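Student: Residues per chain, in single letters:
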Amino acid sequence: MELTPEEEASLNGEHGETLETAYRILVATGEATNAERLVPIQWAHLSGVNYNTIGDAGEEFLRELSKDAHVKVKTTVNPMGFDFDHISEFKHIDDEFVRKQASIRDSYIKMGVDPTFSCTPYDIFDLPEKNTQVSFAESNAAIFANSLGDLKTNKESAFSALASAITGKSPYSDLRKDDTPTPLTIRMKVDNPNELDFGMLGFFAGKVGDTAVNISGVSQPNRRSCKAMCGGMGTSGTCAKFQFVNSDEDTGEKVDFGKEEMNEIFDELNTTDKGDLITLGSPQLSLEELSDLSKMLKGRSFKKRCMIFCSRAIQNQARSLDYTNEIERAGGEILSDCCTCLTPLIDTNETDSVTTNSIKGAYYLKNSTGVAVNLKPLSKIIEDETK
Amino acid sequence: MSKVIVQGKAEGTILKTSNPINFLGAVDKQTGVIRDKKYDIYEKSIKDIVLVFPHGIGSSVGAYTIYSLKSHQSAPVAMICQKADLTVASGCALANIPMIVATEEEFDSLNNGNYITVDTESEKILN
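Chains H and R, in that order, are what the protein sequence lines are. Sequential numbering of the first sequence, starting at 1, is according to the numbering used here. Sequential numbering of the second sequence, starting at 1001, is according to the numbering used here.
Excised from the complex, chain H in its bound form:
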């Protein structure tokens, strides 16, 4: 990869250890993606915020880094492990976890990030103009940015996005260019898909696709289904982009996604027919999704505990518009700054199984939290789990 003299000097440590480390990461990721140079980026979104995932080594690394590092561009961050406003209600979470999570939060804030603690930055902010280069580490956000937001990003790693935030640059990899080769086309063969089906389509696409896929046989789905698809796709593979095409446009390799393929994924992730509690919001819910939920819950109440995850910014907007009243009256617990995935809020001593409509959530609930998963679309959750 070609570096400018200034970038070369930073890589050689002439501008301090932080920039040396950042450029070392950018060079490695540039080599990994066959990029010939670095390009400026306008917005970085970082993962690696939840103490549950980055652990002591991550907490120490960020504490050291924050003594010197400062972000150079607009930088937003992923969810933490829990909601500080509600942590006293979760007795099983120990003080050590709370202390370490606070340290991670403070390190990011010290580096100048916008404390969004959200996996859905695209629901909080207006997106920049078409073709703007960004660096998003959260996989569902990267896929959303490339596929629906008209932005350009790699499916960044926690460190490559952090290096981009600190330098304002990222490797000019294939995904950032316009002339990407014709990708695999997935032919959607499932009729009237709901958001859970779209999540499974995404999960399937992530498994069979390389860096990008075309999807034929669907008209533009609603935003909930699109988010579900981004979440599913980001979880299962390396694919970072999808594009809806008319079936007559597809010229390259093709693969079908029908009932059989969908049932296989369902059986992989659905391990029980009943959940002890319900979680909604992976990715975190948007204002529109909260509005829909409040309408669906009118006059009904949850029969069991239901955790509802949205970003702080969205919760504040929902409160001012009174969308939260109906949800909380129905027994829903609205939690912010965290999400279904990898949260320690689910007490595995008390919870054996979780009902959710999220494929991404299901994957992490099953494989990381270690609980059984019951998958249902939202309409079915309302039908079965409320009265």
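Derived from the structure by calculation, the hints contain no laboratory data. Every value quoted in this text rests on a predicted model; they were computed, and no experiment measured them. Fair warning: there could be bad hints in the mix.
[Stated by the list, open to error] Listed next, the stretches of chain R that the computed footprint assigns to chain H, with coverage defined by at least 3 CB atoms under 8 Å from CB atoms of chain H: (1) 1022-1033; (2) 1093-1099; (3) 1109-1121.
Even for Gly, the Cβ is constructed at its ideal location relative to N, Cα and C.
Given the coordinates of chain H, work out where chain R should sit on it, guided by the hints.
Tutor: Then chain R, alone, in the frame of chain H:
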């Protein structure tokens, strides 16, 4: 010709898997033991070995797992992949673990249990 992603020199015994690795979740970030039953190297440790695998998958936070392994002295001494991905590349870059993308022929010739030297400065990188 193999491609250097992260420079360095290391030697060790090969542990090879045919499974793409999701570092977040599949690998214990303190001990380096594979804890996902779906992997053909389940319950094996990746500590102090030359890890040979197709490529990384899944969460972007897996880069922190690689860094954590290094901090706990449980990291592989080098990694050799078929295909580079950003999570493994950036994790190795920060943790100073040499990382190579091997040609198909080289990748196929790497066998479990063999002792190998990785030297990115040498004319023949894998020996």
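Student: All hints, please: hold or fail.
Tutor: Hint by hint, here is what the structure shows:
For the segment 1022-1033 of chain R, the proposed coverage by chain H is satisfied: 4 residues have a C-beta within less than 8 Å of a C-beta in that chain, meeting the threshold of three. Look at the segment 1093-1099 of chain R against chain H: 3 of its residues bring a Cβ nearer than 8 Å to a Cβ of that chain, three or more, so the hint holds. Look at the segment 1109-1121 of chain R against chain H: 0 of its residues bring a Cβ nearer than 8 Å to a Cβ of that chain, fewer than three, so the hint is violated.
Violated hint for the displayed structure: number 3, the only one.
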